[in-house]
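*Asks:* Chain by chain, the residues run as shown.
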Amino acid sequence: MANSTTAKTKIEPAQQSASTMAVIAPAIGWLIPGAGHLIQRRWIRGMLLLISIGALFVLGLMMQGHIYKANGGDILDILGFIGDLGAGGMYIATLAMNGGQGAIAFAIADYGTKFMIVAGLLNFIAVADAYHIAIGKKQ
Amino acid sequence: MTVQLTHFSAAFVFALFASIVFGITHRETSRDMIRYGLYCFVMFLGGALAAGWAMWLVRR
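Quick mapping for you: the protein sequence lines, in order, are chains A and B.
The letter at position 63 of the first sequence is residue 63 when you use my numbering, and the numbering goes up by one with no holes.
The letter at position 39 of the second sequence is residue 39 when you use my numbering, and the numbering goes up by one with no holes.
Same shape as in the complex, but just chain B (with noise of 0.2 Å):
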């Protein structure tokens, strides 16, 4: 069985599951470890998004 995810969705699985472990393993409470996996989360998509966006703008 194979998976064709998309570019975006790749990214956005990735950046989920890494921030769920960054989250966990990084901070001592509950509600640090939410917030920290949050910010992890953003800052994956963000910048991947951010560097995209850096790259169609040399492209052109």
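Looking at chain A on its own, in the form it has when it is part of the complex (with noise of 0.2 Å):
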């Protein structure tokens, strides 16, 4: 009884840690890509994914791109917007400083916009896997 109660207490702050972890992980992966992993002390997982999601957002807005915002009516925008959010402190960023405003007058500029959208897609993987990663079911 006695060393199922010490069993107990030594377990029960490492169960609160994870579930910190896989609150925190998710959240701060969604604001910096990559992020989520490199808390996590996956150092190597985390840069590749900051730099492959950061370059494919920035080289979106480098080719003029166009970035979606919430109030946009079409069923076509919203779904761009939800891309869009996946990249989150990017997309906030972009948006406050009146980033990717353009019309889309051009084939590159067309696939700076996919760029962009499939950069927030790829983010909210991330956010997944750093989850996983949080709660155990992933090494």
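Hints were generated in silico from the structure; no laboratory data involved.
Since the structure is predicted, the reported quantities are computational estimates derived from the model, not experimental observations.
Watch out, some of these pointers could steer you wrong.
What the hints assert, rightly or not - Non-contacting residues of chain A with respect to chain B, defined by C-beta distances greater than 10 Å in every case (computed):
hint, residue
1, Ala22
2, Leu79
3, Met97
What the hints assert, rightly or not - Just the calculated beta-carbon pair ranges, DEER-fashion:
hint, chain 1, residue 1, chain 2, residue 2, range
4, A, Ala105, B, Thr29, 43 to 51 Å
5, A, Lys69, B, Trp53, 33 to 41 Å
6, A, Pro13, B, Phe8, 48 to 56 Å
7, A, Ile104, B, Arg35, 31 to 39 Å
All C-beta atoms, glycine included, are put in the ideal place defined by N, C-alpha and C.
Combine the two chains into a complex, taking the hints into account.
*Replies:* As structure tokens, then:
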């Protein structure tokens, strides 16, 4: 009985830490791509995610891609907004700096728009991965 | 500052970065991540090239 009580008190802080990390890692990973991995000491994975998702988003902006806002009435605009939203902090910073507001006038600008949407969608996957690491489902 | 990528370089950059993320997030071990990332890269770029040639054939 005493052993089980001791074991219980030893496990509880670890479980609490895991559950805290299961909330913090996805949240910070959404704000900064790869940060959810970095705070769990997955340095290489985190840096690769940061570089890959960050580069896709920044390249999309530099290709004069369009960034979608929440108030787009068209269903495709709403889907574009959901994709863009996945980029988290980069999306918020771009909106704050009035970036990505141009019309999609040529093919490369359309590619840039897709780059930013895909960067956001990839970040959603990275966030889910950070969560799986936090709950111990993945190494 | 703007960037003007060609169609191929845009496809290459997209395939490269998307494959890295897919590799990291879809596999468990480092070896499997690299292998799956390479597989995705080849499929992305190969698919784009195959679609390009298919469109060229349709146009003729």
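*Asks:* Against this structure, judge whether each hint is valid.
*Replies:* Taking the hints in turn, this is what the structure says about them:
{"no.": "1", "hint": "Ala22", "result": "holds, 17 Å"}
{"no.": "2", "hint": "Leu79", "result": "holds, 18 Å"}
{"no.": "3", "hint": "Met97", "result": "holds, 13 Å"}
{"no.": "4", "hint": "A:Ala105 with B:Thr29: 43 to 51 Å", "result": "holds, 45 Å"}
{"no.": "5", "hint": "A:Lys69 with B:Trp53: 33 to 41 Å", "result": "holds, 38 Å"}
{"no.": "6", "hint": "A:Pro13 with B:Phe8: 48 to 56 Å", "result": "holds, 54 Å"}
{"no.": "7", "hint": "A:Ile104 with B:Arg35: 31 to 39 Å", "result": "holds, 37 Å"}
Violated hints: none; the structure is consistent with every hint.
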